[in-house]
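2 protein chains.
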Amino acid sequence: MYRSHTCGELRIADENKEVTLAGWVQKSRDKGFMIWVDLRDRYGITQLIFDEERTDASIMEQAKTLGREFVIQVTGTVIERASKNPNMPTGDVEILVSKLEILNDAKLPPFTIEDETDGGEELRMQYRYLDIRRNPVKDSLIFRHKVTQEVRNYLSNQEFIEVETPYLIKSTPEGARDFLVPSRMNEGQFYALPQSPQTFKQLLMVGGMDKYFQIVKCFRDEDLRADRQPEFTQIDCEMAFVEQEDILNIFEGLTRHLLKEIHGVEIEKFPRMLFDDAMRLYGNDKPDIRFGMEFGELNQVAQHKDFKVFNSAELVVGIAVPGGASYTRKEIDKLIDWVKRPQIGALGMVYVKCNEDGSFKSSVDKFYDQEDLAKWAETTGAKAGDLICVLSGDTNKVRAQLSALRMEMAERLGLRKSNEFAPLWVIDFPLLELDEETGHYHAMHHPFTSPKPGQLELLDTDPGAVKANAYDLVLNGNEIGGGSIRIHDKETQAIMFKHLGFTEEEAKKQFGFLMDAFEYGAPPHGGLAFGLDRLVAILGGQETIRDFIAFPKNNSGRDVMIDAPATIDNDQLKELHIQLDL
Amino acid sequence: MYRSHTCGELRIADENKEVTLAGWVQKSRDKGFMIWVDLRDRYGITQLIFDEERTDASIMEQAKTLGREFVIQVTGTVIERASKNPNMPTGDVEILVSKLEILNDAKLPPFTIEDETDGGEELRMQYRYLDIRRNPVKDSLIFRHKVTQEVRNYLSNQEFIEVETPYLIKSTPEGARDFLVPSRMNEGQFYALPQSPQTFKQLLMVGGMDKYFQIVKCFRDEDLRADRQPEFTQIDCEMAFVEQEDILNIFEGLTRHLLKEIHGVEIEKFPRMLFDDAMRLYGNDKPDIRFGMEFGELNQVAQHKDFKVFNSAELVVGIAVPGGASYTRKEIDKLIDWVKRPQIGALGMVYVKCNEDGSFKSSVDKFYDQEDLAKWAETTGAKAGDLICVLSGDTNKVRAQLSALRMEMAERLGLRKSNEFAPLWVIDFPLLELDEETGHYHAMHHPFTSPKPGQLELLDTDPGAVKANAYDLVLNGNEIGGGSIRIHDKETQAIMFKHLGFTEEEAKKQFGFLMDAFEYGAPPHGGLAFGLDRLVAILGGQETIRDFIAFPKNNSGRDVMIDAPATIDNDQLKELHIQLDL
Chain G
1 MYRSHTCGEL
11 RIADENKEVT
21 LAGWVQKSRD
31 KGFMIWVDLR
41 DRYGITQLIF
51 DEERTDASIM
61 EQAKTLGREF
71 VIQVTGTVIE
81 RASKNPNMPT
91 GDVEILVSKL
101 EILNDAKLPP
111 FTIEDETDGG
121 EELRMQYRYL
131 DIRRNPVKDS
141 LIFRHKVTQE
151 VRNYLSNQEF
161 IEVETPYLIK
171 STPEGARDFL
181 VPSRMNEGQF
191 YALPQSPQTF
201 KQLLMVGGMD
211 KYFQIVKCFR
221 DEDLRADRQP
231 EFTQIDCEMA
241 FVEQEDILNI
251 FEGLTRHLLK
261 EIHGVEIEKF
271 PRMLFDDAMR
281 LYGNDKPDIR
291 FGMEFGELNQ
301 VAQHKDFKVF
311 NSAELVVGIA
321 VPGGASYTRK
331 EIDKLIDWVK
341 RPQIGALGMV
351 YVKCNEDGSF
361 KSSVDKFYDQ
371 EDLAKWAETT
381 GAKAGDLICV
391 LSGDTNKVRA
401 QLSALRMEMA
411 ERLGLRKSNE
421 FAPLWVIDFP
431 LLELDEETGH
441 YHAMHHPFTS
451 PKPGQLELLD
461 TDPGAVKANA
471 YDLVLNGNEI
481 GGGSIRIHDK
491 ETQAIMFKHL
501 GFTEEEAKKQ
511 FGFLMDAFEY
521 GAPPHGGLAF
531 GLDRLVAILG
541 GQETIRDFIA
551 FPKNNSGRDV
561 MIDAPATIDN
571 DQLKELHIQL
581 DL
Chain W
1 MYRSHTCGEL
11 RIADENKEVT
21 LAGWVQKSRD
31 KGFMIWVDLR
41 DRYGITQLIF
51 DEERTDASIM
61 EQAKTLGREF
71 VIQVTGTVIE
81 RASKNPNMPT
91 GDVEILVSKL
101 EILNDAKLPP
111 FTIEDETDGG
121 EELRMQYRYL
131 DIRRNPVKDS
141 LIFRHKVTQE
151 VRNYLSNQEF
161 IEVETPYLIK
171 STPEGARDFL
181 VPSRMNEGQF
191 YALPQSPQTF
201 KQLLMVGGMD
211 KYFQIVKCFR
221 DEDLRADRQP
231 EFTQIDCEMA
241 FVEQEDILNI
251 FEGLTRHLLK
261 EIHGVEIEKF
271 PRMLFDDAMR
281 LYGNDKPDIR
291 FGMEFGELNQ
301 VAQHKDFKVF
311 NSAELVVGIA
321 VPGGASYTRK
331 EIDKLIDWVK
341 RPQIGALGMV
351 YVKCNEDGSF
361 KSSVDKFYDQ
371 EDLAKWAETT
381 GAKAGDLICV
391 LSGDTNKVRA
401 QLSALRMEMA
411 ERLGLRKSNE
421 FAPLWVIDFP
431 LLELDEETGH
441 YHAMHHPFTS
451 PKPGQLELLD
461 TDPGAVKANA
471 YDLVLNGNEI
481 GGGSIRIHDK
491 ETQAIMFKHL
501 GFTEEEAKKQ
511 FGFLMDAFEY
521 GAPPHGGLAF
531 GLDRLVAILG
541 GQETIRDFIA
551 FPKNNSGRDV
561 MIDAPATIDN
571 DQLKELHIQL
581 DL
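Listed in order, the protein sequences are those of chains G and W.
With the UniProt record's numbering as the guide, the letters of the first sequence map in order to residues 1 to 582.
With the UniProt record's numbering as the guide, the letters of the second sequence map in order to residues 1 to 582.
Only chain G is shown next, with the shape it has when bound in the complex (with noise of 0.2 Å):
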């Protein structure tokens, strides 16, 4: 071993000891005739000194020549310092050296390793060993560990069996884009790489595994959207013999758990909303309830004028920001700039300015008086001071629109708490979704979620209205975990494959050995999975999940430090029987 102690070890009581540290240089500050070096290692910094008076010359000497990053080992006595560093748990000691050793040396760092660097993200990116090496990198690939950990003993406490299920599986052409992998035992096949277990993991609940959970990479070749990776990673969890309420019981248990355990957090029970209030609510299946601003729908109080924009709307909708009345013209301006921006897509917004006076002043005064748009701020809950924003236009766009706004007001006024946790179940989603450009319904889940019970019938007649036994759990505003009920029979799964748009040799073609199963004694079965890495960041109090994982790729997919993917080798492709095709 290369150390007695780690960087982060020692203290006042230690003094006097010799000790052999081992790390590198975070800094060194040569007086001349004394010499500190903060040395660093995953543990903590140690400060060591070299001085004229108690340090050999050819030590002297040596030190003097130590760079930043520099990899060296010493020896030395555990004395008190000088002047102490409180902000450091080693702050009270130092290390008065008496034999050095280089062991590597390092070329200066394209950035500077501190918290705060200087790297931009590129840069970072590609030398991502280096990154790991500043302390919110660090931190955040520890603290991605613990929570792993924490959840592995809560579930195997809770008799839930790890079990591997296979990467190199079959593609299934719809949904997402699978990563396929050439197979040169199998000329001109191929395998896909999991987007999910989903299917092996419910043929482990026909084999009667009953409790199922792994964490688990999974693949989606996906455009990438910021802070989405080609590949992921999953808490894949499924149990048989349950319905939907044990799953949330379980899988609430597990994040009451994680919030304790790392926050302090005790949250007693956690709220549930169906899937249509969401959407009515927050215009969003992912709503942050950490703060109000809910919708207030105001079709009802604002379609009885003149105002054509409103009368043709199939929704008018506002909310009601707190404080929002004492904006300047200015600052509305822009902010109706915001949303008809591209991305958020809103053709202009009307606004209310609820006057501490108790009236009124908004940007349609011509087609409302006073009382109509009291009965806006009453259906909005806004109160003396507020600014109410409201959109209008087809539902879903104009839900869509203003939940984009209410993000960005909580946000522009700090309601987004992140050491504040506000778990959500969202209950009873769709079935189906309409796919609008092609006007077929698809899965909203996977196919294999199980309507309600008794809505099997409504499929021919009003699919969109069909309800799923599907729940998505939400922390924050995000998403971290969904699932579902399984069909657990053939029939209600042909049905279901039916109305996808699946032949009947598609569906036996890419899961016959799923419909099979389920004619050999299939229990019924329901699960979900996490996202873990959304999760660990959403815990760890961040929303990007970046710096949680150890090597990123790109938005280009790209792992810019190994520089993949890359071309490869002619043989190699004759090998796997396929040419490229540019």
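Some clues are possibly wrong.
What the hints assert, rightly or not - Restricting the straight-line Cα-Cα distance to at most 30 Å, the calculated cross-link-like pairs of lysine-lysine (BS3-like) are:
1. G:K146 <-> W:K260
2. W:K574 <-> G:K574
3. G:K509 <-> W:K107
Since the hints were made in silico from the structure, they are not lab data.
Go by the hints and put chain W onto chain G.
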């Protein structure tokens, strides 16, 4: 919840309780007026009773329809059994059923769901979800989970951090073949699936992570031998600021912990053996030391007579088979046939019977007298009653042949006891291995393994003699783990690449990121990886790994259950910028 208790839970103390169980019909016995059903779930079997006198006629009728593997839910009263079954934990009770619901019916399974099944390997793989219902498979998967939990907890307690490394990486064509993944977003480029996270874990050490582990899938596109899988699981570990001794101690601790927790076996200190000694004494770098039969090299005592076969051999070497003197001529002939099989490849075998009266009878009495043979007996450690088996030829070949014979004889003699555990460190592996076909040396472990201090110079003069800081952990004749101290400076790494036949450009293209990393302050580091599939199998007292893998592939790399790999759509090919080349 579909049940109040599991099928493994009820005891006589629960008498008279009303309970609800759910599970599979293991079997039923219909006596007309009484029907017994064994109800099974993951946790056990509970007997149900339906009795004409005490059960509703309609339920009796329904019970008569129950077939094997039907999924049912029953409610009833726990009663004491008339004839108890002491072999079952629930054997004192049965459930007098008052309510029966058939949750799912089942076709007759293609093989019996019993500990001893009538299903062949291929059939069981095709219906793996049924095979998993059988105790031997189910228990193996649960056992695997327990082992991995122990590993994770042990390493976490030792401050190791589990870090997920990427699955979509870059191809490094030397060594085994990579599985490749065409990139849609980066035309003409490919990711590779990792053969191991080797370079990433080294980068984590450069990144200051200090102690890393990961239980991780790895991929090798090799022609599959029996018991090899294209995807397999490693316990992958790496530590910074360590020497070989530290790594051996840590992972000896882990293995000791597992043996103790799982089998109650306490092993104070694992023996260590030099690679050269292992080859000399056992002809093998992973000797099973649960039994003796060490090799005796006989050149000195057998090459002085007129027996040309021996005189021309590089090595003459024998083992003493306990009790083998009593073998008949026919038995010995069979043994000679066995070593001459092409899989073993010996040209013949010389034997010496060590008679109980102290005399010897050999197949080469023409050339050797009793005094000669006594020396053979002394060298091989043969005692009266033993049979000395002697092979000769090229050292490497003859060692492999005699090693195979040694293992075979131990197997036949019942010396390889599955409940006995003999771990062993084999250390000081050669750095390089001669490829006899090409005449080139390649890395025995991998190109990142460091040579023993001071041996770098030997690379130019006698590359085969250079020893590495490399070690394997052997358990009962199986390599369960292996690792090395790595190179951590760019110059040494460059020398290694040169000796392995990489041009500078090739080295830079494939491993440039690692060599770059070594310029920014790489600490001394080393590690080890366990093969989890094998480790679990051996700890479970078995040598085949398939039952410890939930969904294994067959020897053609196929998953016969889901029928993967499979052909894909032309659209998918086109999107990936590839076409088939059959």
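Results for each hint:
{"no.": "1", "hint": "G:K146 <-> W:K260", "verdict": "26 Å, holds"}
{"no.": "2", "hint": "W:K574 <-> G:K574", "verdict": "18 Å, holds"}
{"no.": "3", "hint": "G:K509 <-> W:K107", "verdict": "21 Å, holds"}
In the structure shown, no violation is registered for any of the earlier numbered hints.
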